[in-house]
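**Student:** Chains as they are written, first to last, in the working numbering: chain A, 40 to 438; chain B, 40 to 438.
Hints may contain errors.
Which copy is meant is left open, because identical chains are indistinguishable; a pair holds if it fits in one copy or across any two.
Taking lysine-lysine pairs in the PhoX-like style, the calculated list, with each CA pair at most 20 Å apart, reads [what the hints assert, rightly or not]: (1) Lys57 to Lys94; (2) Lys228 to Lys426; (3) Lys407 to Lys59; (4) Lys59 to Lys94; (5) Lys142 to Lys159.
These aren't lab readings, by the way, just hints derived from the structure by calculation.
Please read all numbers here as calculations on a predicted model, not as lab measurements.
There are 2 protein chains.
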Amino acid sequence: MQIIVQKYGGSSVENIEKIKNVARTLIKRKNEGYAMVAVVSAMGDTTDDLISLAKEISDTPDRRELDALLSTGEMISSSLLAMTLVNMGYEAVSYTAYQLGIKTLGDYGKSLIKDLDDRKIFNSLSEGKIVIIAGFQGINEIGDITTLGRGGSDTTAVAIAVKLKASCEIYTDVDGIYDVDPRLYKEAKKLDIIDYEEMLEMASLGAQVMHSRSIELAEKYNIPLYVGLSNSYIRGTIIKERNSMNMESKPVTGIATSDEDIAITLKNIENDINFLSDIFGSIGNKKINIDMISQTAPLNGKVNISFTIPEYDLNECLNIVSEYVDKDNISLDKYITKFSIVGIGMKSTSGVAARMFKVFKENSISVKMITTSEIRITCTIRTADKKKAIELIAQEFNL
Amino acid sequence: MQIIVQKYGGSSVENIEKIKNVARTLIKRKNEGYAMVAVVSAMGDTTDDLISLAKEISDTPDRRELDALLSTGEMISSSLLAMTLVNMGYEAVSYTAYQLGIKTLGDYGKSLIKDLDDRKIFNSLSEGKIVIIAGFQGINEIGDITTLGRGGSDTTAVAIAVKLKASCEIYTDVDGIYDVDPRLYKEAKKLDIIDYEEMLEMASLGAQVMHSRSIELAEKYNIPLYVGLSNSYIRGTIIKERNSMNMESKPVTGIATSDEDIAITLKNIENDINFLSDIFGSIGNKKINIDMISQTAPLNGKVNISFTIPEYDLNECLNIVSEYVDKDNISLDKYITKFSIVGIGMKSTSGVAARMFKVFKENSISVKMITTSEIRITCTIRTADKKKAIELIAQEFNL
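Could you put together the complete structure from these sequences and hints?
**Tutor:** Printed below as a string of structure tokens:
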């Protein structure tokens, strides 16, 4: 029998009425002949409510205990969904990460799923039961509860689909993946298909529809993912491998922007590789993620260096750099936007970067830093130019 | 190092401010040189809130899933308490039933603890950590989460104290065990000491301070229990073995009353032992707990039978008896009170029952059914007579 793993986000289970809708969808698919597994997030704002409780204790609550606390949200929603199915006359059973032996690696709050034991799931499915699984959590090597980070239930669903050789459907509060954020560009179009790599670049660049790790896992095991609304006739987006050589594909699939970074510039510092690596080494030791770096040409042995970091790491980062650089030589720019174009078609199309920068130049949009990957070009622009940049580039590449 | 296991009820952890008070108490005792373990109930009304959610789904929610749901309440409070201790600069760690391998037997919602693995607790204590444990829950033979019933965290605490050979302190929202419910009798006195057997009889008869199973366990392993308020100089009550032959002990230690039962009378039925055992067998099969039975002398081969059941089982019980007895011959009495006197001293003092019934007779309090144990005499009286009966009997036995 074919197994379908569905993931329901917090807004799909935010109250009992919505949980009943999810139960009806599961029953409908089961009656069509599928073996059904559902992975659920915590109800509505539960996770935020639990975080608020922890913040009453400390701004930096103990991370082991925070994970133990947050894991309860998904336990609540999963047992309520199973209870609802039983009440509708269908056999169902909920499982926690402990019960399924979902093993994790890595830090609290951002663990990776290493493995899981599928026997309980297979046994329950073979007994005709609908299986409900608490997402977002696992158990690490020393038996502590850990969580997978915001959106981690996506990854739980994909990991289970991989293990069960099942297809995977991610139900969320958006109706699919768009080529541009529809809140920023009214003409944004929904994509029928997007490649794993494209989706990964989009997800890591601010299009926070899905947990990045879930896409990496799906790509690794070549599991297609459907992303869309539950209980809707609107068709969503399929994330799967696309052929980059397809002549019909556009070079640019989508635009992603992010305002969450801040640029720091260190002026007039020694152009000494040891000195620079000391600074960036100290920043890296604090797990602060430097994204883009640019450097001016040396003048009298001195250079200016600019780099971007997430805004929430600003204070910690300033403490570090001020040990190396005089405060008068440190400047900040909060009003930058990371602007990216992403497309698997770039692999087989040259001149894409040139077209983008030509449009920016003709329209007086100044570009500060640039990074690229095989399927992505990212630059920083002034946040004030964001709307204009999106419109111009969307027209240029026919999005 | 001596280990102390403390149990904190829901009112002791109902908000972060109160959790901080509990943390301070634990730290104070740790600084006095004890190894500290705390078992916590769910915060304030959490359990009732979760039950309300389940009731939105069904009046009789699936019991496996209800237990999975309710177990989250204690996980939340235990992780918050551990987080608070860490924030106060003390090492602490919370554990769920799964993490400690707390194995249970029996039905969902009223499981018994069978065993638990103490290694994690000992390891954490030996590392100088304060150990916090989610009460009320365990894992049964098939790996499902089960709960121990209302007040079950008491039993978790005693089971852990037994396993660790620790002393046990139960902190609750009353300042100790009284000889009569203080809400019913203003002159009620707090007991310094009560015997396990007396406490068990009181607990099962409506003095719902403690989970009965916790007292059984403590008696079996002869662990003294302290019951009282946390953060208070008011001395509570110690539950331990008392010598029944002590000449100074009063024959009656306390009075317990309960209004939660209802009396059913079956009139004019065949005095046939097979017929009667059929009826009571059918009631027993539904796990309805018949407490007291009385029967009139046969008249023309017919008798009247009265018995009491918990009021919440009334509808189910009526469905059963109406299969055997014509509806006109079934009558109900909702206004009965079970009135009990309890005392280990009854073992060595005769005439206690006679003194009670003499007082009732002289004051026109009519007694319907009677049951006794070695240390208890229970009868049903009219609920309207309850207050008068308590005052008269308290005076008679010098309570």
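**Student:** Which holds for Lys407 with Lys59 at a C-alpha limit of 20 Å: within a copy, between copies, both or neither?
**Tutor:** Cα proximity of Lys407 and Lys59: none, with 51 Å in one copy and 50 Å across.
**Student:** Tell me, please, which holds for Lys228 and Lys426 at an alpha-carbon limit of 20 Å: within, between, both or neither?
**Tutor:** within (16 Å within a copy, 76 Å between copies)
**Student:** My question is about Lys59 and Lys94: at a cut-off of 20 Å on alpha-carbon distance, are they close within one copy, between copies, both, or neither?
**Tutor:** Answer is between; shortest inter-copy Cα gap is 13 Å, intra-copy 32 Å.
**Student:** For Lys142 and Lys159, with the copy left unspecified, which applies at a CA distance of at most 20 Å: within, between, both, or neither?
**Tutor:** both (15 Å within a copy, 19 Å between copies)
**Student:** Indicate which option fits the pair Lys57, Lys94 if close means a Cα-Cα distance not exceeding 20 Å: within, between, both or neither.
**Tutor:** between (29 Å within a copy, 15 Å between copies)
The structure fails to meet hint 3 from the earlier list, while all remaining hints are met.
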